[in-house]
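Here is how the chains run, residue by residue.
Protein chains: 2
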Amino acid sequence: MNTETMKIPQAAPSASYSPLLIGELLDSGVRMAGNNQIVYRNLYRHDYRRFRERVHQLAHLLSAQGVQAGNVVAMLDWDSHRYLEAFFAIPMIGAVLHTVNVRLSPEQVHYTMAHAEDDFVLIHEDFLPLLEPLAERLPRIRGYLLCQDTPSRRETVLPLVGEYEELLAEHPAHYEFPVLDENAVATLFYTTGTTGNPKGVYFSHRQLVLHTLCEASTFQSPGFELLNRDKVYMPITPMFHVHAWGVPYTATLLGATQVYPGRYEPDVLVNLLVDEKVDFSHCVPTLLNMVVDAEAISSGSVDLTGWKVLVGGSSLPQSLAIKAWELGIDTRSAYGMSETCPLLTASILPQDINEVDFNSQLPWRSKAGMAVPLVKLEVVDEGGIALPHDGESVGEVRVRAPWLTQGYYKEEARSKELWRNGWLHTGDMAVLDERGFLQIRDRIKDVIKTGGEWVSSLELENLVGQHPGVSEVAVIGIPDEKWGERPAALARASDLNDPPMPEEIQAFLQRFVDEGRITQWAIPSFVRFVDEIPKTSVGKLDKKRIRREL
Amino acid sequence: MNTETMKIPQAAPSASYSPLLIGELLDSGVRMAGNNQIVYRNLYRHDYRRFRERVHQLAHLLSAQGVQAGNVVAMLDWDSHRYLEAFFAIPMIGAVLHTVNVRLSPEQVHYTMAHAEDDFVLIHEDFLPLLEPLAERLPRIRGYLLCQDTPSRRETVLPLVGEYEELLAEHPAHYEFPVLDENAVATLFYTTGTTGNPKGVYFSHRQLVLHTLCEASTFQSPGFELLNRDKVYMPITPMFHVHAWGVPYTATLLGATQVYPGRYEPDVLVNLLVDEKVDFSHCVPTLLNMVVDAEAISSGSVDLTGWKVLVGGSSLPQSLAIKAWELGIDTRSAYGMSETCPLLTASILPQDINEVDFNSQLPWRSKAGMAVPLVKLEVVDEGGIALPHDGESVGEVRVRAPWLTQGYYKEEARSKELWRNGWLHTGDMAVLDERGFLQIRDRIKDVIKTGGEWVSSLELENLVGQHPGVSEVAVIGIPDEKWGERPAALARASDLNDPPMPEEIQAFLQRFVDEGRITQWAIPSFVRFVDEIPKTSVGKLDKKRIRREL
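As they're listed, the protein sequences go chains R and G. Numbered according to this note's numbering, the first sequence spans residues 10 to 559. Numbered according to this note's numbering, the second sequence spans residues 10 to 559.
Don't take each hint at face value.
In this list, chains with the same sequence are indistinguishable; a pair is considered to hold if it fits within one copy or across any two.
[Said to hold, decoys possible] Simulated pairs of lysine to aspartate or glutamate, DMTMM-like, Cα-Cα distance not exceeding 25 Å:
1. Lys454 x Glu468
2. Lys286 x Glu234
3. Lys317 x Glu234
4. Lys385 x Glu191
5. Lys385 x Glu185
6. Lys385 x Asp56
7. Lys286 x Asp361
8. Lys332 x Asp312
9. Lys458 x Asp489
10. Lys286 x Asp339
11. Lys317 x Glu364
12. Lys317 x Asp239
13. Lys317 x Asp361
14. Lys425 x Glu145
15. Lys419 x Glu145
16. Lys385 x Asp36
17. Lys385 x Asp239
18. Lys385 x Glu62
19. Lys458 x Asp36
20. Lys544 x Glu494
21. Lys491 x Glu364
Keep in mind that the hints were calculated from the coordinates and are not lab data.
In isolation and in its complexed conformation, chain R is listed as follows:
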């Protein structure tokens, strides 16, 4: 076929192409709701018009510090109004925002900051002790801007250029931002895998704008309805982690009220949820689990009725969705990963499902959901052939979308592994049902192969988690001479002083064998109760460490 299409003919030389730049998202929010508030704990509060002025002031501040287009600016802060400002000001001057994962080990933090070639750093006082011993080995960094929440200044050997609020106040409220190429890199951050050094993923202005527009349409959709201009939003996913799933950008586009909780402290979180009347948050299942188990909430002394929580990072166990529902918390699921900006799918309840009762909705709420606009998603077999949408055929998820990292930063071999034949390979095993709803079964490397059968560690975790005596559980495969591998479970008891017997759990699972939901082989050979299940820096089950401990 001849694909010589008609390109834009005779564009007037005076015409503008209007690149997709994230500054547009901010302008949209100011127009939509100039009076809506940005809140940081009980420390700061201002409206969108002031928010935009502060972004312009921050751009001046950075420029005055010599930060230029093409520079990389590292941010080490808790979730804050400052972080939100950095989301905009740094990319808008053409620099790259490196959102440093502060939960990594000091050596990993050093690795990422050296690898990213950070030129300038914004640092919360709490992280001074983390960087002080590393600074000598980061000679490229030309200055540190302190982010301070308390009046007393901490002593530090780092060459501070001043304090964020103090310096900001010195600068004018209008900055003439350059018209950038929409493919300019806006953000950069690192994701940890099971092996090797953290990998850098990076996103352009274009990618972030498109991700935001599709997230906005998705989040406003019936059957989801998480966010719009009139809602109050508070992230409980760190902003260093895939831009808090891109939601601060989406909330800004829509003009929603935004509440930033700083360091995640249970009391502060609960107070903000209640005092600011938060409508919508997102977090990993672990964190939601902590919230619903919190004394104030499970006792009913704090009422979270109407709070909507989008769960991602790992699958939402049905048991957790039920616990939350009983407390009036309305959960939805989404799926994505650091490499994908992250949004790929969302559990938008189909029309007929949206009208039925909670129990009938439960499976739909816990699935990863349907691909959002502009995402092409397939589940393929090992030969790359797309599998049928039958709810049964398990294969790897591969995707195309306009907002996927185009590789791992400065990592040719790993980039080649991620992107094969124009598809980003997620490393996740899943099924698609008749409606196109995705259900993640496992990470490829977490799948348990026992006696030639595949067992999904995720499904087992979901089932074990339904035992009333279990508050959290991780299932892995352990080597077995006869069967290749055997499932094993590491669990945390609901009552740490009175954990169930392993046999009780095995007997409990037998019920699902009898129902035909799992095979006999899936019942774990070992069940061990521990006080704490190892987690990664972003709150996911750390199966690498669990393997070592079991």
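Model the placement of chain G on the given structure of chain R, informed by the hints.
For chain G alone, coordinates are given in the frame of chain R:
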């Protein structure tokens, strides 16, 4: 400032960039609501899955007829399921859809089809008599595909290749669409000005996708809430006119039920509104006026309570918004033009306004509204300096957005006039208020200058229209030796047999002079009642003809 930004580094050679192509909009709709319906009068009805299959079949049909990427395919049809399919299939194979304005004079239709260099034509039987005498002068056209709603085939001298439904059925339901450049032109159509030949405007895949995403976010917003998956949509703006404001694309993205009314016949429209439970339509004020004046509706025998109507093309007179509201019809305004794809602004009611009573909302509903995401809009003086948002300073509206035509097709001089210094000049005079709401005052060429004062013909029309004896009015400036120009009004009486006296209208307007809303000079020197006010092919007041008639 150094603006050497960090471009996408080391994109994996196997990575895909994912161009913005309109096929993605269709896939999104199928995922969102595969069971939702596409309806054409009482003639056809099928779901989104079938809709997609038919788009694939149409692509096969066109390819089999030799239509290739880069070809231009003209469409002459009433609003139909076929037209919707053409919106997708033609651009998706890399061809350009020319939506022919069938309301133009035969000579103008010929001009546009020759200028567009149409290669192939889809034609409804009703338009055979229009093209038959022109076909000889359109030698480039290699075939005509008939769109037929009735069983009996009309005789024609045109070289038909067959009938749409009959040929469609011969083709398979899967077409392997090419991955196009997102800047490939997707659509082309003509807009008529006050002078000279119609001008061609053209839009790329990228532009249509971005317009659709921003329209989707806007239409789902609180204070607007016109469209989403669960709504039923029916256009009453012809699909040849700026893709029916792009809404069929937006409705498809969201998976909304879509009803296409064919030729606009009052009975058919009303029956479809009622029978299909239409939630949302859009039209020009003239058409809404016809609807609210229709016997069945004004008598209350047909209940349209809850119907939302987006009015554009011309300003929504407050008198009309009130008449509609009294019948339960909820109106909103939007602003745009053929050159702008069209959406620029939308009267999204701000939070505090959204909560007040209708009468307080009225001015907000009738304004053009706020710029939608990604639109930069300024009101500038003659020197190109942006005017303050004070609700008073009148200037020309100029815009930037990623979806503006990059020029007039093959018209260098007119393109240069449209695009100056990177801004598209709308030729509309307007004010912006403190909230950034745009209110159109006039077309530059319609502004009346009397005794050195500027008078807005639109504002006068709005005020004259509030007189109970007036159903419609056009105000123009007529030359006057002493004052330069004087306002004159051409009106249609509510009761054609008993029009008010001109003096009554002038006395009525004196009230607004006393209130300080208009100056004494603004009262028209002449008021004349006629049975019909001349309209353009898209239903706007035809001030060119009115000037001749007054």
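Here's how the hints hold up against the structure:
1. Lys454 x Glu468: Classified as within; 15 Å inside a copy, 69 Å across copies.
2. Lys286 x Glu234: both (16 Å within a copy, 23 Å between copies)
3. Lys317 x Glu234: both (9 Å within a copy, 20 Å between copies)
4. Lys385 x Glu191: both (22 Å within a copy, 16 Å between copies)
5. Lys385 x Glu185: Cα proximity of Lys385 and Glu185: across copies only (15 Å, versus 37 Å in one copy).
6. Lys385 x Asp56: between (38 Å within a copy, 21 Å between copies)
7. Lys286 x Asp361: between (30 Å within a copy, 18 Å between copies)
8. Lys332 x Asp312: The answer is within: 14 Å in one copy meets 25 Å, while 45 Å across copies does not.
9. Lys458 x Asp489: within (10 Å within a copy, 92 Å between copies)
10. Lys286 x Asp339: The answer is within: 15 Å in one copy meets 25 Å, while 30 Å across copies does not.
11. Lys317 x Glu364: Both: 17 Å inside a chain and 23 Å across chains, each within 25 Å.
12. Lys317 x Asp239: Both: 14 Å inside a chain and 21 Å across chains, each within 25 Å.
13. Lys317 x Asp361: This pair counts as both: shortest intra-copy Cα distance 20 Å, inter-copy 24 Å.
14. Lys425 x Glu145: neither (34 Å within a copy, 57 Å between copies)
15. Lys419 x Glu145: within (23 Å within a copy, 62 Å between copies)
16. Lys385 x Asp36: Between. Shortest inter-copy distance 9 Å satisfies the 25 Å Cα cut-off; intra-copy 30 Å does not.
17. Lys385 x Asp239: Between copies only: 23 Å across chains, 31 Å inside a chain, cut-off 25 Å.
18. Lys385 x Glu62: between (38 Å within a copy, 18 Å between copies)
19. Lys458 x Asp36: For Lys458 and Asp36, neither the intra-copy (52 Å) nor the inter-copy (35 Å) Cα distance is at most 25 Å.
20. Lys544 x Glu494: Close inside one copy (23 Å), not across copies (78 Å); limit 25 Å.
21. Lys491 x Glu364: neither (49 Å within a copy, 70 Å between copies)
In summary, the numbered hints that this structure violates are 14, 19, 21.
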